[in-house]
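Start from chain A and add chain B according to the hints.
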Amino acid sequence: MPPPVTEKFRVLLIEDNAGDVFLLRSMLDSERKCGFYISDVAGTLADGICLMETHRFDVALVNLSLPDCAGIDTIVTLHAAVPEIPVVILSDEGEEDLALNALPLGAQESLVKGRLDGTTLQRAMRYAIERMRAEAALAREREMLNTLLDNIPDRIYFKDVESRFLRINHALTELFGLDRPEQAYGKTDADFYGGEHAAKALGDERRVMDTGEPLLGDVEFEMLADGRKSWSLTTKLPLRDRSGAIVGTCGISREITAMKEMEEQLATERNLLRSVIDNLPDRIYLKDASGVYLLDNVAHQRWLGASDADEVLGRSVFDFFSDEIANHLHAVDCQIMETREPQLNLEELLVDAEEQPSWVLTTKVPWIDDVGSVLGLVCISRDITLQKMNEESLRSTNAELNRSREEVLAAMQKLQRAHHDLRSVQLQLIEAEKMKMVGRLAAGVAHEVKNPLAVVKMGTEFLSMHEMAGEPDVRETLTGMVDAVSRADAVIRGLLDFSAPKTLEVRPESLNAVIERALILVRGDLKGIAIERELARSLPVVKLDVGKISQVFINLLTNAAHAMEGGGMITVRTYTKQLTGVGANVSDQRMESFRIGQALVIVEIDDTGHGIPEEKLPKIFEPFYTTKPTGKGTGLGLSVVKTIVDLHQATIDLRNLPSGGTRATMMFRT
Amino acid sequence: MESETKKRVFIVDDESGFTHLLKLTLERTGRFTVKEENDGTKAWLAAREFMPDIIFLDVVMPKIDGGDVAKQMTSDPMLQHVPIIFLTAIVSEKEGGHMIGGFPFISKPVSLQAITECIDKHLRAS
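Chains as they are written, first to last, in my numbering: chain A, 1 to 670; chain B, 1 to 126.
It is possible that some hints are incorrect.
[Unchecked claim] Among chain A residues calculated to face chain B with C-beta under 8 angstroms, some are:
id, residue
1, K450
2, E461
3, M468
4, I531
Because the hints were derived from the structure by calculation, they are not lab data.
Bear in mind that the values here come from a model prediction, so they are computed numbers and not experimental data.
Backbone N, C-alpha and C fix where the C-beta goes; we use that ideal spot for every residue, glycine too.
One chain only, chain A, in its complex shape:
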């Protein structure tokens, strides 16, 4: 049972013979159920083409002999105008050969008019339609294939069993430097590549054809003629015919030079990085979140006591350290990964795998991926033990230097002090030498003056025994002479005292006792003057030349008495004092004589006299300088005092008291 006809096929009949038109219509009408009907008829080719361009037809029935065109040209013209319409040629008897020639030029089927019936016609048209469809489909396939072959940047070829090119695509044509693919056909790789590459390709293709197994993803390297390096990724397949027999090979090859170069560059960079990391003295490692080492460098391996990376990677601190140390290290790492806070330049004392301690400067940074997950941590740490030791030794060297400096300073101070002492000794020596000369001079003067004085004095003595001494004028004259002699004698005596040899005979003595004796000796001069004693009870003994110190007190007490002609009071005071520092009472000059902390015995003699004019104070210890009226003093008393006090390495200072009068202060060392 034939399938039910659902399609209605529109047929254009191009025929100038009305009888044939009638006949053909009748044939199709008798086969009504076939689905073909002649919807239009054209008497010329031009009309037919015109109709076909404006209407849709499923098939055309064309007579080869038309008024405006005949023979093969009819088909050629028609096909050029409307190639998509299936064409069935209607030929007259004797035109069969012509019709057959026309078939490949655009017709699908040919029929001879005299041998027609409805069924044949209908079958021929159906066949023409089918064939047209198949051809179109094939053409589309070929079109797609060609599009693919000619536009893909990959190089594609087809070869026969002798590995001769059957077909190459546009990319390969370009690679070979050809204008057209056909120029390669019949040639082999040996015509385009170096022998080595060609031989390898040939071998590969033979193997593919022998085994029937494809060669997949083979990376080929070749040095191009212009010296460029070229890499390609090649797949070769057996080419089979319809029966499955291997008739050659086909292949596709992709240029991967850029990728390869990038890969090589990456590898170079990776190697460079690797070698930098490995040659850095710093220890570097990367570990995952569980603490397993993923990467480390030589310095780190050495620190762990491992000989290469294989002994480290995949392991953790627990494989290298005691549990205690490993736990500590791991806890630090966990905290950094947890808080995501890097630990920067931490100085810490660590032990290595052999528990040898060393100082390290460590930086640990959490390793975080693109989406913010913590993958592990990166650590770089540097051994700074040597620096630490250097620092330490620098510090101690500095301290030593400082110490040395202080010692040098102290030595310098000592030296300065010694220099000062020496200088004052030198001055004293000069002074002593001067005084020796003054002494000799004084002795000579004393001798030469005292002898005449002795004569004068004896003369007055003699005259005062004479009768005329009873006369008042004579007695007055004699008294004046005696006074004058006494004065001259006092001057000479003071001069002798002042220039007396400067040696001391010291013994430990009580200053209080010496003061008491001096007070007794000068009592004649102290008439009308009150004496107030403020003598400390337990005074340390002081090494003194009693004779000379007595003279000091006698001179000072006498001076005090002379300052109080109209009477007054002398206060003598002794006490001890610890020298604590430079105070109001302690001048610089005294500081040079005494050391802080030394116990001193102080003697003060205050009077209530007229005081010493301020402008004269600086000069009072100079020889022959006196504040007393002419005839009242020799100008040597205080010079003698000063000399003696100096010999005792004591000090003396005279100052006016705010309440009036003068205070002499002496300080003796105990």
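Below, chain B without anything else, positioned relative to chain A:
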């Protein structure tokens, strides 16, 4: 007899003005017989001749030192018992009692009182 009770005082000093006045003054008291000698080198012989009870001897003299004269006297058995008092213009006297080379001294200028006290003291002691 008067001369026998008077003490014989021998003064050696190159200062003739002084010795002369001292002689006059002492003799005027009526208690002393005084001999003066102004040349130190002649003092010893003069002393042996005069045989004094006491000798006052200047220290600084030309040609000979008072100390040397004292040595001559003390090494002479006839004179060694005679007290010698130095008279000096050089040393400043303080409170008396000072000695020079083991001898007492008084310093010039000297008062009559000091001389007589000194003579009395030493002659009483001897």
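The hints, checked one at a time:
no. : hint : in the structure
1   : K450 : holds, 3 angstroms
2   : E461 : holds, 4 angstroms
3   : M468 : violated, 14 angstroms
4   : I531 : violated, 21 angstroms
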